[in-house]
Structure formats: C-alpha cells, structure tokens
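Colleague: Take 118 as the starting number for the sequence shown in the working numbering and just add one per residue.
One should not assume that every hint holds.
What the hints assert, rightly or not - The calculated label-pair distances, taken between Cβ atoms and stated as ranges, are:
#: 1; residue 1: Thr337; residue 2: Asp279; range: 20 to 28 Å
#: 2; residue 1: Arg200; residue 2: Pro333; range: 19 to 27 Å
#: 3; residue 1: Asp332; residue 2: Leu239; range: 42 to 50 Å
#: 4; residue 1: Ala338; residue 2: His364; range: 14 to 22 Å
#: 5; residue 1: Glu367; residue 2: Arg255; range: 13 to 21 Å
No wet-lab data here; the hints were simulated from the structure. For every residue, glycine included, the Cβ atom is placed at its ideal position computed from N, Cα and C.
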Amino acid sequence: MSDVMDPHTEARANGLRPLPSPGGDRGAGPAGDGQHAAAGARGAEEAGPRSGAPARAALLVLADGRFPAGGHAHSGGAEAAVRARRLGDARDLAAFCRGRLHTTGLTAAGLAAAAALGLDPLALDTAADARTPSPALRASARKLGRQLMRAARATWPSPELDALARALPKGAHQPVVLGLTARAAGLGPEDAAHCAVYEAVGGPATAAVRLLSLDPFEATAVLARLAPDMDRVAGRAVAAARQAAEHGTEALPAASAPLLEITAEQHAAWPVRLFAS
Numbered sequence: 118m119s120d121v122m123d124p125h126t127e128a129r130a131n132g133l134r135p136l137p138s139p140g141g142d143r144g145a146g147p148a149g150d151g152q153h154a155a156a157g158a159r160g161a162e163e164a165g166p167r168s169g170a171p172a173r174a175a176l177l178v179l180a181d182g183r184f185p186a187g188g189h190a191h192s193g194g195a196e197a198a199v200r201a202r203r204l205g206d207a208r209d210l211a212a213f214c215r216g217r218l219h220t221t222g223l224t225a226a227g228l229a230a231a232a233a234l235g236l237d238p239l240a241l242d243t244a245a246d247a248r249t250p251s252p253a254l255r256a257s258a259r260k261l262g263r264q265l266m267r268a269a270r271a272t273w274p275s276p277e278l279d280a281l282a283r284a285l286p287k288g289a290h291q292p293v294v295l296g297l298t299a300r301a302a303g304l305g306p307e308d309a310a311h312c313a314v315y316e317a318v319g320g321p322a323t324a325a326v327r328l329l330s331l332d333p334f335e336a337t338a339v340l341a342r343l344a345p346d347m348d349r350v351a352g353r354a355v356a357a358a359r360q361a362a363e364h365g366t367e368a369l370p371a372a373s374a375p376l377l378e379i380t381a382e383q384h385a386a387w388p389v390r391l392f393a394s
C-alpha cells in the first residue's frame with residue numbers, strides 16, 4: 118500500500134487507513150483524495166479543534182462523569198482490590214490508581230489518541246483485543262464502547278461513528294470509540310489521551326468512595342496529586358500514536374497489569390457484586 122498523508126494530523130500512515138479530517142465535508146471520499154482532504158483540513162482549521170473555548174467546552178462535556186456512557190457502573194478493578202484487602206484507604210487508592218495509570222491507562226490513551234488522529238478504527242480495535250488478555254475485560258470494554266457510542270452519536274453525530282457502529286454492532290473497545298468521539302467533537306489526540314488517562318483513575322477513585330465510605334475530599338486529592346503523572350502518560354500516549362501513524366499499531370503502548378486481568382476474571386464470577394467490573 119502506498120503511503121497516505123492525513124492533512125489533519127500531518128502523519129504518514131503505512132498499512133493503516135486514516136480517516137478523513139473532521140470538520141470539513143463529512144461526505145468526502147476516502148483518505149488520500151487530495152481535494153476532499155484539503156477541504157476537510159481547511160474546515161477543521163476554521164472550526165478550530167484547538168481554537169479555545171468551543172473545543173475546551175466539548176472536552177469538558179466528554180470528560181464529565183455525568184456524560185451518559187456507563188462508566189459509573191465500573192470500578193476499574195477497585196472492587197476486587199477492596200475484597201482482597203489491597204485497597205483500604207486513600208494511600209492504597211493512590212498506589213492503585215498510579216499502577217492503573219501507567220499500565221492500562223497508558224494503553225487506553227494510546228488507542229484513543231490514535232483513533233482521534235484518524236487511524237483505522239477497525240485496526241485499532243484489533244490492537245485493543247490483542248492488548249486485553251482477559252475475556253471479562255474485553256467484554257467490559259466492548260460494553261462500555263457500545264454505551265459510549267450511543268451517547269456520542271446523539272451528542273456529536275458523525276459518519277465515522279456511524280460506520281464503526283455498523284461494522285461492530287456489538288461494540289468496539291471503549292478507548293477506540295472515545296478517540297473517534299473526540300475526533301467527532303473537533304478535539305485532538307491530546308484531548309482524547311487526557312480523557313482516557315483521567316477515566317483510568319477517576320473510575321476507581323469514585324468507586325472507592327462507595328466501596329470504602331472513603332472521604333470524597335481524600336479521593337479527589339488523590340486525583341489532584343496524580344495530575345502531573347496523568348499529563349506525562351497522556352504525552353507518551355500521543356507520541357506513540359503518532360509513531361503508529363508511521364509504523365502501524367505495533368508502535369502503540371502494550372503495558373500490562375496481570376493482577377488486574379486475573380482479578381477481573383475472579384470478579385466476573387462473583388454471584389453478587391456492586392460494580393460490573
């Protein structure tokens with residue numbers, strides 16, 4: 118396959134089909150059609166995915182825990198960690214969230230950033246499968262992706278979201294849908310990566326408040342102290358996504374958290390549980 122230049126990202130994709138740039142002619146032809154692609158790039162420039170207030174407001178909507186994407190029903194492994202007595206107070210929560218951030222958080226952020234850049238979402242979904250050994254976590258990721266897709270299509274209608282929903286009616290992996298949603302909202306890969314890393318730690322922190330009756334102020338303080346780490350992880354994820362545009366999905370992060378995978382399988386077998394994962 119010949120190299121294709123995505124004018125929105127200025128990234129060269131080998132073996133991955135970049136999507137047309139958002140914000141322009143959404144009925145444009147395939148990526149690589151110079152006339153349509155240039156028009157899309159100009160439209161995105163005028164729409165201003167990084168133009169300040171409008172894009173920033175969209176980012177706040179997408180990252181808001183009240184956005185109806187189903188994340189409130191998942192603990193990110195915190196429920197299993199509480200039962201195993203590895204998570205019992207704010208100090209434990211900080212360690213747990215830091216571990217998630219640098220493993221599954223980094224991996225999810227890389228996938229989200231790549232989707233926001235316009236890499237082929239089907240190839241990214243396959244890459245997400247390969248990076249999720251646990252069947253229980255794969256099922257949760259696809260359920261969350263399906264729920265996010267429903268909310269995203271109602272909020273930011275997009276032919277790209279429609280196409281992915283048709284291709285994977287049972288749900289794509291949530292980080293892939295997240296990145297495509299960010300793209301539909303006029304946001305960039307950095308925004309998508311920051312949403313992903315915040316979700317990686319925000320979910321467990323919120324769950325810990327319910328599971329442990331933890332002081333919400335303490336849980337919020339944990340997240341605030343993790344902010345510099347979140348910025349660094351998001352930066353690494355975006356850099357990897359840009360490499361993936363050059364070299365394929367193998368360049369995306371594949372950091373693993375074996376204990377989270379093991380406990381996810383155990384958690385899925387519990388007859389009674391507060392959270393879905």
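Colleague: Determine for every hint whether it applies to the structure shown.
Modeller: Now the hints, each set against the structure:
1. Thr337 - Asp279: 20 to 28 Å: Roughly 37 Å apart at Cβ, these two residues miss the hinted range, so it is violated.
2. Arg200 - Pro333: 19 to 27 Å: Given about 21 Å between the Cβ atoms, the range holds.
3. Asp332 - Leu239: 42 to 50 Å: Roughly 44 Å apart at Cβ, these two residues keep to the hinted range, so it holds.
4. Ala338 - His364: 14 to 22 Å: The hint (14 to 22 Å, Cβ to Cβ) is violated, given that Ala338 and His364 are roughly 40 Å apart.
5. Glu367 - Arg255: 13 to 21 Å: holds (19 Å)
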